[in-house]
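In order, the protein sequences belong to chains A and B. First residue of the first sequence? That's 66 in the numbering used here, and the numbers climb one at a time after it. First residue of the second sequence? That's 1452 in the numbering used here, and the numbers climb one at a time after it.
Think of the hints as simulated: they come from the structure by calculation, not from any bench. Hints should not be assumed to be uniformly reliable.
[Unchecked claim] Not everything, but these chain B residues come out facing chain A in the computed CB check (under 10 Å):
1) Gly1519
2) Ser1523
3) Val1577
4) Ala1690
5) Arg2032
[What the hints assert, rightly or not] Cβ pair distances, simulated, as ranges:
6) A:Asn71 with B:Lys1841: 52 to 60 Å
7) A:Lys215 with B:Pro1625: 45 to 53 Å
8) B:Ser1722 with A:Asp182: 52 to 60 Å
9) A:Tyr79 with B:Asn1839: 54 to 62 Å
10) A:Asp182 with B:Asn1839: 38 to 46 Å
11) A:Gly177 with B:Ala1990: 41 to 49 Å
12) B:Lys1872 with A:Asn92: 41 to 49 Å
13) B:Arg1707 with A:Ala228: 38 to 46 Å
14) B:Asp1579 with A:Glu178: 39 to 47 Å
15) B:Pro1838 with A:Ile208: 17 to 25 Å
16) B:Lys1931 with A:Ile208: 52 to 60 Å
17) B:Lys1931 with A:Glu189: 24 to 32 Å
If you're wondering where the values come from, they're calculated on a predicted model, not measured in any experiment. C-beta: ideal position from N, C-alpha, C; glycine also.
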Amino acid sequence: MTQIVNEDKKNELYAFMDEVSQERRSNSYLIAVLHKVQQLYGYLPQEVMDQVAEKMEIPTSHIWGVATFYHYFNLKPIGKNIVSVCMGTACYVKGADKMLLTLKKELGIEIGETTEDKLFTLQEARCLGACGIAPVMMINGKIYGELDSKKTVDIINQYRKAAQTDIE
Amino acid sequence: MEDVQYKMMLCDGVSCIHNQSKELQSAIESELDKSGIRDAVSIHLSGCLGMCNKGPILIVNPGYTIYGGVGSEDVPEIVQSHLVEGKPVARLVIEEDHLYNRFFRIFGDVDFFGKQMRITLRNCGVIDPENIDDYLSVRGYEALAKVLCDMTPEQVVAEVKKSGLRGRGGAGFPTGLKWGFTAAQKADEKYVICNADEGDPGAFMDRSAIEGDPHTVIEGIIIGGYAVGATKGIVYIRAEYPLAIKRLEKAIEDAREHGFLGKDILGTDFSFDVEIRLGAGAFVCGEETALIHSIEGARGMPRPRPPYPSVSGLFGKPTLINNVETWANIPVIILDGGEWLSSIGTETSKGTKVFALAGKVHNTGLVEVPMGTTLREIVYDIGGGIPNGKKFKAVQTGGPSGGCLPEEYLDTQIDYESLAKAGSIMGSGGMIVIDEESCMVSLARFFIEFTQDESCGKCTPCREGTKRMLEILTRIVEGKGKAGDIEKLERLGSMIKKSSLCGLGQSAPNPVLSTIKNFREEYEEHIEQKKCRAGQCVALLSYVVNDECVGCGACKRICPTGAIEGTRKEKHLILDEKCIRCGQCYDVCKFEAINKV
Ligand SMILES: Cc1cc2nc3c(=O)[nH]c(=O)nc-3n(C[C@H](O)[C@H](O)[C@H](O)COP(=O)(O)O)c2cc1C
Ligand code: FES
């Protein structure tokens, strides 16, 4: 099953790289290609990077240089749910650091890490543009605002419950 | 109805009828018949427009020209001059048509908007951003048509110069000058870039402008392309803004379909197209030379200037780069005139500025005010002041490159020079209100932690210097500060400012230096008395239960670490070694039975 899915992903990535190679100065689209990889795989797997290097004829070292420069790219596999805590100024002023502390404790991980059960990856975000309802966190693109520690833990528990029912 | 060119709206409210709007209508109809343009004009009756003392009111669209006190005798002139020759009759116009009027007409009586002047945000909330027809109905792409049909590129540059517009991305460089430099370059290829990287962590002006009205930005970019002789535009936008990206994509597609983008735009020989490139989460990529490297597919490292992008930019070609808000001003300058824009604002700063107002203030959100508005007006009149009866402490502008201004600067007028003189900067538009519960040392540390993390590492003063500053600030907030630390921060700060390669390093010490200048006593308290007056620095703080405690158990239940003990109806106890100082017990207690000491 995963084999087929991976084949699909690979085809989609190659189709994208083919499209890009038609453009003038096609190497300048490297970052766009990395975005595509991350969209497909959730992170930048080493073997896929090697494929990109070969296909785009760019040295792997250059690709990794670029990939590691930008915060947006995950270099490690990520969990099912991505929890981004906003550490922008507005959220900070409204106590986001406490929320982060609560989350680290609750999930037992540091920023950039993934829980053992692969359910959560904890990330730091910079202004999610929802400053009006600070402090804010985002889980898989959904915004939760006006948080306090209790609310935060409740929300995490909802995701845990949802994952539990999924398994059942 | 295809060939209707003008729509007239006549008010048939009671007062206007009293002022003979009925007679006016028949006069118009017969005059239209006489001039033979009856079919090109449609007449509608509207309800009361609320300008009763100036009736009868007649509105001519497109253009939203409002005539007042119109008598039958004026009709031939209006028909001939306005409808046939296209020149509104100035002596009867009671409200000049400026693009921003419409927003004001809809929302002007809402307090929050009343003190604002929405020029660049004029369409946000008024039109459907995903519908190009909606944009066209508010004179969308009319500026582009005007530029392509009636103006030479030199005239466009001159008009922008006349407006006095300065870059809204932070540095405030005169936009017209920059356009002139790029236009003057001879090259086989030129580029135009829209900087939508919006790196200030606490600001979302550009995102909202694009989400609310993407076409205005695109129209501005096309006009810029025409003015400097470029054929390609690029919007560099943060990947963290999916909705804005989606709206931009749609807008670009629709604009192409309507012939505003692509080959031979509007039947002229000007061809231009726009492409979107995504950032990938690096603050320094907002800096123009780093941004250019990022578009080229490399690490986003800045390089020394000169050469400026206007001479050697993207792929070594002359490149015009402006901020989103700067671009959004362009169609207004073309349609309402550079002179009009320059009539708004102060001596050195013209037009309006958008701020993302947030933090400890009642009304948070986007605020667009004329330059020259005071900080007090924004914080109190528009923002509604500080909630929960707390005391104002400072307002932070310019994000990680800016500073914190205390109470005595509240009457500072918003313009590039005044804010700089007060010790902060205009910045791109972040404005965070801070109350007495925030510690200024921690805030300074917060910003340095940010810039230190975002420093690209290319130059030593910024890479190493910010790290040293962070170390010192960290030890101060942890209660381990030493005598002489403040002076060390000042020395380091001024050195980093002077010797860094790009704007990131050159401005990174600002939050620290401005808080030292304005809140030095807080630094001294942390170092000498190991005290944080805001009660924010956890290392300098413990929570203790006082005799007010009734033993309700609320604190015990909420404590995430089980640091509170006690039996019901008896005084509880906080175990200091387990306490993580999250403050939740303090917040939850209804009896003021917990003290921060
Ligand atoms: C560290 C750093 C970050 C910057 N971030 C942004 C940004 O997010 N958006 C922006 O428009 N300009 C940013 N700038 C300013 C740009 O370098 C450039 O001056 C601006 O895009 C020019 O446009 P303007 O003249 O319309 O302001 C940044 C500059 C520095 C030094
Ligand atoms: S600072 Fe958190 S949403 Fe803006």
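Against the structure, the hints:
1. Gly1519: violated (39 Å)
2. Ser1523: Constraint on Ser1523 of chain B not satisfied, violated at 52 Å.
3. Val1577: Nearest chain A Cβ about 20 Å off; hint violated.
4. Ala1690: It holds, given that the least Cβ distance between Ala1690 of chain B and chain A is near 5 Å, below 10 Å.
5. Arg2032: Because about 9 Å separates Arg2032 of chain B from the closest Cβ in chain A, which is inside the 10 Å limit, the hint holds.
6. A:Asn71 with B:Lys1841: 52 to 60 Å: Once the Cβ atoms are compared, 55 Å apart, the range 52 to 60 Å for Lys1841 of chain B and Asn71 of chain A holds.
7. A:Lys215 with B:Pro1625: 45 to 53 Å: holds (52 Å)
8. B:Ser1722 with A:Asp182: 52 to 60 Å: holds (55 Å)
9. A:Tyr79 with B:Asn1839: 54 to 62 Å: holds (57 Å)
10. A:Asp182 with B:Asn1839: 38 to 46 Å: holds (40 Å)
11. A:Gly177 with B:Ala1990: 41 to 49 Å: Check failed, 24 Å falls outside 41 to 49 Å.
12. B:Lys1872 with A:Asn92: 41 to 49 Å: Taking Cβ atoms as reference, Lys1872 of chain B and Asn92 of chain A lie about 46 Å apart, which means the hint holds.
13. B:Arg1707 with A:Ala228: 38 to 46 Å: holds (44 Å)
14. B:Asp1579 with A:Glu178: 39 to 47 Å: holds (42 Å)
15. B:Pro1838 with A:Ile208: 17 to 25 Å: The hinted range 17 to 25 Å holds for Pro1838 of chain B and Ile208 of chain A, with Cβ atoms some 21 Å apart.
16. B:Lys1931 with A:Ile208: 52 to 60 Å: violated (37 Å)
17. B:Lys1931 with A:Glu189: 24 to 32 Å: holds (25 Å)
In summary, the structure is inconsistent with hints 1, 2, 3, 11 and 16 from the numbered list given earlier, while agreeing with the others.
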